[in-house]
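What follows is each chain in one-letter form.
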Amino acid sequence: MKDKITKISLWLMVAMFLLAYPKLFGMYYVNLFVTFMVFAVFSLSFNMLLGFTGLLSFGHAIFFGISGYGTALALRHIEGIPLFPAIGLGVLAAVILAVVLCPVVVRVTGTAFAMVHLAFGQLMYVLALKLRNITGGEDGIGNFPIPNVSLFGLFSFPLKNNPVNFYYFALVILGICTWLMWFFTKTPFGQIQVGIRDNTKRIDYLGFKVPESKSVIYVTSAFFAGVAGSIYGLFHNLVSADGSLNVLVSFTAITATLIGGIGSFFGPIWGTAIFQILEELTIRFTEQVELVTGIIMIIVIMYAPRGFTGFLATLKLKWQLSRAKRRG
Amino acid sequence: MDATTAMYVSQAIHGIAYGMILFLIASGLNIIFGMMGVLNLAHASFFMLSGYFCYQVLKLTGNFWLALLIAPLVTAIFGIVVERVFLRRMHAFGHLGELMLTVGISLVILAGVKFFWGTESLPIPVPEALQGLIKIFGLEYPIYRLFVIGLSLVVLLLMVLVLYKTRLGMIVRAAVSDRDMVNALGINIPLVFMVVFGIGCWLAGIAGVAIAPILTVFPGLADQVGMDAFIVVVTGGIGSLGGAFIVAIIFGFLSSFGIQFVSQLAPVLMVGFMALVLIIRPHGLFGVEE
Numbered sequence: 001m002k003d004k005i006t007k008i009s010l011w012l013m014v015a016m017f018l019l020a021y022p023k024l025f026g027m028y029y030v031n032l033f034v035t036f037m038v039f040a041v042f043s044l045s046f047n048m049l050l051g052f053t054g055l056l057s058f059g060h061a062i063f064f065g066i067s068g069y070g071t072a073l074a075l076r077h078i079e080g081i082p083l084f085p086a087i088g089l090g091v092l093a094a095v096i097l098a099v100v101l102c103p104v105v106v107r108v109t110g111t112a113f114a115m116v117h118l119a120f121g122q123l124m125y126v127l128a129l130k131l132r133n134i135t136g137g138e139d140g141i142g143n144f145p146i147p148n149v150s151l152f153g154l155f156s157f158p159l160k161n162n163p164v165n166f167y168y169f170a171l172v173i174l175g176i177c178t179w180l181m182w183f184f185t186k187t188p189f190g191q192i193q194v195g196i197r198d199n200t201k202r203i204d205y206l207g208f209k210v211p212e213s214k215s216v217i218y219v220t221s222a223f224f225a226g227v228a229g230s231i232y233g234l235f236h237n238l239v240s241a242d243g244s245l246n247v248l249v250s251f252t253a254i255t256a257t258l259i260g261g262i263g264s265f266f267g268p269i270w271g272t273a274i275f276q277i278l279e280e281l282t283i284r285f286t287e288q289v290e291l292v293t294g295i296i297m298i299i300v301i302m303y304a305p306r307g308f309t310g311f312l313a314t315l316k317l318k319w320q321l322s323r324a325k326r327r328g
Numbered sequence: 329m330d331a332t333t334a335m336y337v338s339q340a341i342h343g344i345a346y347g348m349i350l351f352l353i354a355s356g357l358n359i360i361f362g363m364m365g366v367l368n369l370a371h372a373s374f375f376m377l378s379g380y381f382c383y384q385v386l387k388l389t390g391n392f393w394l395a396l397l398i399a400p401l402v403t404a405i406f407g408i409v410v411e412r413v414f415l416r417r418m419h420a421f422g423h424l425g426e427l428m429l430t431v432g433i434s435l436v437i438l439a440g441v442k443f444f445w446g447t448e449s450l451p452i453p454v455p456e457a458l459q460g461l462i463k464i465f466g467l468e469y470p471i472y473r474l475f476v477i478g479l480s481l482v483v484l485l486l487m488v489l490v491l492y493k494t495r496l497g498m499i500v501r502a503a504v505s506d507r508d509m510v511n512a513l514g515i516n517i518p519l520v521f522m523v524v525f526g527i528g529c530w531l532a533g534i535a536g537v538a539i540a541p542i543l544t545v546f547p548g549l550a551d552q553v554g555m556d557a558f559i560v561v562v563t564g565g566i567g568s569l570g571g572a573f574i575v576a577i578i579f580g581f582l583s584s585f586g587i588q589f590v591s592q593l594a595p596v597l598m599v600g601f602m603a604l605v606l607i608i609r610p611h612g613l614f615g616v617e618e
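Protein sequences appear in the order of chains A and B. Residue 288 in my numbering sits at position 288 of the first sequence, with consecutive numbering throughout. Offset between the second sequence (1-based) and my numbering: plus 328.
Careful, some of the hints might be misleading.
What the hints assert, rightly or not - To give a feel for the contact side, a few chain B residues facing chain A, derived at Cβ under 10 Å:
#: 1; residue: 433
#: 2; residue: 436
#: 3; residue: 448
#: 4; residue: 449
#: 5; residue: 488
#: 6; residue: 490
#: 7; residue: 493
#: 8; residue: 494
#: 9; residue: 496
#: 10; residue: 499
#: 11; residue: 502
#: 12; residue: 558
#: 13; residue: 595
#: 14; residue: 613
Hint data in this document are derived by calculation from the structure and do not stem from the laboratory. For each residue, glycine too, the CB sits at the ideal point set by N, CA and C.
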C-alpha cells in the first residue's frame, strides 16, 4: 500500500514537471525536449526488435523516414486534410513497408538481418535523393502546411510556429505510444517475444508460429517508429533524406539503446537522454557527430555492455546487499 | 563488330572490373568472418582508408606503383592494430556486440578521414603507363579497367595458393571449421587471427587503391562501394568464397548494365536481387545453416 502511494505520487510529480516544463525552461530546451521525446520513442521501437526479440536492425530509420515523408506529402498535396489523418497516412506508409519487407526479414537472423536492413536503409536513402520530383531530392520537403490540432471539433489549437503547443501535442502522442509499447511487452504475446530472443527453437516446439510472431512484432515496431518519424517531420516542418533516412538516424537509436541498456524497457529512454546531453555538450567543441557517436559506441560496448540500466541494477544490488548485511 | 556489340562488350568489361573489386573486398570480409565469426563492418572503411593512403603517397612521391605497394600494407597494419586493441577483447560479448563495435570503429574512421582530408572528392590520376585505350579484335578497351581485372585475378590466384598450398592456409582452413580444436593442437590461434585480419585488410586495401582512379576518393566511398560488398557477402552466403565470387560478378554486371539501361533503378537492382535470393535461401546462395 505504502509502495503504491509513493509510486503514484512519484508519477504525479513527473507529470507535474512535464506539464510545467515549458514554463520552467526556455524555448531552446523545449525544442530539445521534443527531439528527446521523438528519439526516445524511436529508440523504444528499435529496442522492441533488439532488446525484446534479439533482432539487430541497422536500418530502422526507413520506417522513421518513410512516415515523415508520408505525412509531409499528404499535408502538401491533399487539400484541407486534418492533422491526424495525415499522421495516420505516414504511419500507414511505414506499416505497409514493414508488411512488404516481412517475408524477407523474418527468415533471416543475426548478422544477415542487420545487413539486409543496412542495405534497405541505404536503398531508401538513395531513392529519396534520386526521386527528386516526389521527395525534393537533397532539399527534402519543407514548409508544408500544418493544420490545427482538433479532435471531433471539441478543441482546436495551432501547431505551426508554436513550440509550446507542439510540446504538449508531442508529449500526449508520444506518451501514449510509450505506454502502449510498455503494455505490449506485458501481454502474453510480449512474453513470446522474449522467448523468441532467448530460445527460438523452444518457442517453435511449444506450438507458437515464430515467423508470424516475428512479423507482428516487426510491423508493430515499424508502427511506433513511424509515429516518431511523423512527429519529427511535423516538428521541423521539414523532411529530408539526411535528417530522417540517413544511416546515422538508425545509429542514433542503436547508440541510445546501447547506452541505456539492451533488454530493459526504459533503457532506451535513459540512453536517449544521456546521448543527447553528451551530444549537447560535445557539439560546443566539435561538429563531428560521427566521431562522438562512434566513440560512445566503442566505449559503451567495451566497458559497459549492459548500459546505464545495467549500471543502475548493479548499484541497487549492492545497496540491497549492504542493507541486508547491516540488518545482520 | 558493330557499335551495339561494342557497347555490350565494354559494359561487360566495366561490370567485370567492378565485380572483381567487389570480390576483393568481399573475400577479405569472408575470410575474417570464417575465422572469427564476426562480420567486420569497418572493412569498407579500411577500403576507403587505403584510397586515402594512396592519395597521400601519390601526393608525396607521385608514383602510383609505390602507392599500390604501400597503401594496402599501411591499411593492413592499421587493421591489425584495430584487431589487437578492440576486436580481440570483444569475443566474449557475442556477435551483436562485435557488430556494433565495428560500426563504432567505422564511424571514427569516417570522422578521421573528414578531419585529415576534408569532405570533397580527391581525384587520383590513372598512371601514365595505363592511360588510354587498347585495341583487341577491333574493339577498344580502356587499359586501366583491364589492369584492374588482371590485378584482381593475380591477387585472387595468390590468395588461393596461400589458402590451399601453404601451411598457413591449412591452419586457416582448419581454424574456420573448428577453432578450438586447432587451438588445442598447440597452434597460436590469436596470432593466426591477427595475420588473417591483416591479409583481409590488405585485400581491401588493394581494392581501395585499384578503384581510386576510377571513382576518385571521397568520404562516402565506404558507404557506396562497401554497401555493395556487404550485399555481395550476404547474398553469396556469409563465409562462402565461391558464392561471393559468383555474386560479385553478377553484381558487377547488374551495376554496369543497370546504369546503362535503367539508370534510376540501378541501386534497386542489387537490393532486389538480394531480397529475392534471401526469400528463397535465407542463408544466401551458397551459405550453410548455422
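How the hints compare with the structure:
1. 433: Result: holds, 7 Å to nearest chain A Cβ.
2. 436: holds, 4 Å
3. 448: Where the cut-off is 10 Å and the nearest Cβ of chain A is about 16 Å from residue 448 of chain B, the hint is violated.
4. 449: Violated. Min distance 16 Å.
5. 488: violated, 25 Å
6. 490: violated, 26 Å
7. 493: Check failed: Cβ of residue 493 of chain B comes no nearer than 30 Å to chain A, outside 10 Å.
8. 494: violated, 29 Å
9. 496: With a closest approach of 26 Å, the residue 496 of chain B hint is violated.
10. 499: violated, 24 Å
11. 502: Violated - the Cβ of residue 502 of chain B stays beyond 10 Å from chain A, reaching only about 23 Å at its closest.
12. 558: Hint on residue 558 of chain B: holds, closest Cβ of chain A at ~5 Å, below 10 Å.
13. 595: holds, 5 Å
14. 613: Given a least distance of 12 Å, the restraint on residue 613 of chain B is violated.
Comparing the model with each earlier hint shows violations of hints 3, 4, 5, 6, 7, 8, 9, 10, 11 and 14; every other hint is respected.
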